Structures are given as structure tokens and as C-alpha cells.
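Q: Throw the hints in and build the complete structure from the sequences for me.
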Amino acid sequence: MTASGLDDSTLQQILTAAGARDGQFFAITPRTDCPHVPTNVQVPTVAITTPCQTCGDASENWICVACHGVLCSRYVKGDMSAHAGAEADHSVAVSFSDLSTWCFKCNDYIDNPVLQPLRSFLHKQKFGEPMPAPRGLELDATRVASGSDSKGKGRQH
Numbered sequence: 424m425t426a427s428g429l430d431d432s433t434l435q436q437i438l439t440a441a442g443a444r445d446g447q448f449f450a451i452t453p454r455t456d457c458p459h460v461p462t463n464v465q466v467p468t469v470a471i472t473t474p475c476q477t478c479g480d481a482s483e484n485w486i487c488v489a490c491h492g493v494l495c496s497r498y499v500k501g502d503m504s505a506h507a508g509a510e511a512d513h514s515v516a517v518s519f520s521d522l523s524t525w526c527f528k529c530n531d532y533i534d535n536p537v538l539q540p541l542r543s544f545l546h547k548q549k550f551g552e553p554m555p556a557p558r559g560l561e562l563d564a565t566r567v568a569s570g571s572d573s574k575g576k577g578r579q580h
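In my numbering, each residue carries its 1-based index in the sequence shown increased by 423.
Check before you lean on any hint, since a few could be wrong.
To be verified - Quick list of the computed label-pair ranges, beta carbon to beta carbon:
(1) ALA440 - TYR532: 20 to 30 Å
(2) GLU510 - PRO474: 16 to 26 Å
(3) LYS549 - PRO461: 14 to 24 Å
(4) LEU434 - PRO536: 22 to 32 Å
Unchecked claim - 16 Å max Cα-Cα, derived EDC-like pairs, lysine to aspartate or glutamate:
(5) LYS549 - ASP521
(6) LYS549 - GLU483
(7) LYS528 - ASP431
(8) LYS547 - GLU510
(9) LYS528 - GLU552
(10) LYS500 - GLU483
(11) LYS528 - ASP512
(12) LYS500 - ASP480
These are calculated hints, taken from the structure and not from any lab test. Note that the structure is a prediction, hence the values are computed from the model and not measured. Where is the CB? At the ideal position from N, CA and C, for every residue including glycine.
A: Here it is in C-alpha cells:
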């Protein structure tokens with residue numbers, strides 16, 4: 424139930440209809456099966472206000488999940504896109520603007536529990552509070568960090 428008294432499904436339907444009618448927004452469903460997400464994601468020590476390491480712009484930057492390089496978006500000068508294209512296994516990045524995760528190889532937004540500690544770290548810097556857990560999902564940080572499944576087993580190859 425939302426603060427407005429509407430359940431989440433009803434609110435989502437209203438917002439989607441209004442946005443579609445006005446051409447203002449549309450729903451994005453992130454991929455959950457991106458094969459390019461690293462299995463061992465480290466939390467960086469970088470500040471969310473860090474400017475692009477190539478051009479110095481601070482308006483719309485992304486952090487590379489693999490190397491923690493901070494580079495600007497394709498709508499600034501495209502330094503993160505260039506980095507993802509030039510470096511093997513550096514195709515996944517998290518936006519400092521909206522904390523979304525993008526895979527440059529899949530050309531799609533992605534969601535993966537392995538990225539939760541990194542996104543939570545950035546959320547805490549941006550909003551001053553921990554990132555809320557996704558509804559209906561409780562994350563066990565030990566299992567997420569180790570790549571274990573819900574039964575404690577590692578990834579099956």
C-alpha cells in the first residue's frame with residue numbers, strides 16, 4: 424500500500440497510463456540474465472561526485488563495475504561507452520544519476536543480485552540512507568558476495 428492509499432499495482436497502472444498518454448515515460452524491465460556481470464563485484468572507494476576521469480565532466484557519470492573507472496555517459500561525451508568497447512569484460516556500469524545498471528554488450532538495463540552491494544554503497548552516498556531491499560526479496564549479503572545460490576551452493580557451470 425502506498426502513502427496515497429493505493430496498492431502498488433493500481434498506482435503502477437495509473438502512472439503507466441498517464442505517461443503513455445502524455446508520451447512522457449515508459450516502463451523498462453531490466454534483464455536478469457546478462458552473462459556479462461562479473462561474478463566477484465567489489466565495492467569501490469570512489470565518491471559519487473567524482474568527475475569523468477577522461478574529460479572532467481561531473482554532470483552524468485557512470486562507474487565501471489570491473490575497474491571502478493568513472494566516466495561520462497553517452498549523452499555527455501560518451502567516455503563510458505568508449506571504455507566498454509575498448510576493454511574486455513568492462514561492459515557493465517552503474518549510473519551515478521539514477522543508480523541504474525547498463526550492459527553495453529547486451530545494450531540493455533540489467534538487474535542482478537551480485538550488483539546489490541555496489542548499488543547500495545552508491546545509494547547511501549547519494550541519499551544518505553541505505554538502499555531499501557527489493558520487495559519480496561531478502562538478500563543474504565554472504566551468499567550474494569560468494570555467488571552462492573539459495574541452498575548455499577556455488578554457481579553451477
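Q: If a hint holds in the structure, say so; if it does not, say that too.
A: Going down the list of hints, with the structure as the test:
Between ALA440 and TYR532 the beta carbons are some 22 Å apart, a value that agrees with the proposed interval 20 to 30 Å. Look at GLU510 against PRO474: about 20 Å separates their beta carbons, and that is inside 16 to 26 Å. At roughly 22 Å, the beta carbons of LYS549 and PRO461 sit within the given window of 14 to 24 Å. The beta-carbon spacing between LEU434 and PRO536, approximately 25 Å, falls within the hinted interval of 22 to 32 Å.
A C-alpha spacing of about 10 Å is found between LYS549 and ASP521, which places the hinted pair at or below 16 Å, so the restraint holds. Distance hint between LYS549 and GLU483 is fulfilled; the C-alpha atoms sit about 13 Å from each other, no more than 16 Å. Pair hint LYS528 plus ASP431 does not hold up; C-alpha atoms about 33 Å apart against a cutoff of 16 Å. The suggested pairing of LYS547 with GLU510 is violated, with an alpha-carbon distance near 29 Å, which exceeds 16 Å.
For the suggested pair LYS528 and GLU552, the alpha carbons sit about 32 Å apart, so the restraint of at most 16 Å is broken. Taking the CA atoms of LYS500 and GLU483, the gap is near 10 Å; set against the 16 Å cutoff, the hint holds. Between LYS528 and ASP512 the CA atoms are separated by roughly 9 Å; this keeps the pair inside 16 Å, and the hint holds. Proximity of LYS500 to ASP480 is assessed by CA-CA distance (about 9 Å); at most 16 Å being required, the pair is judged to hold.
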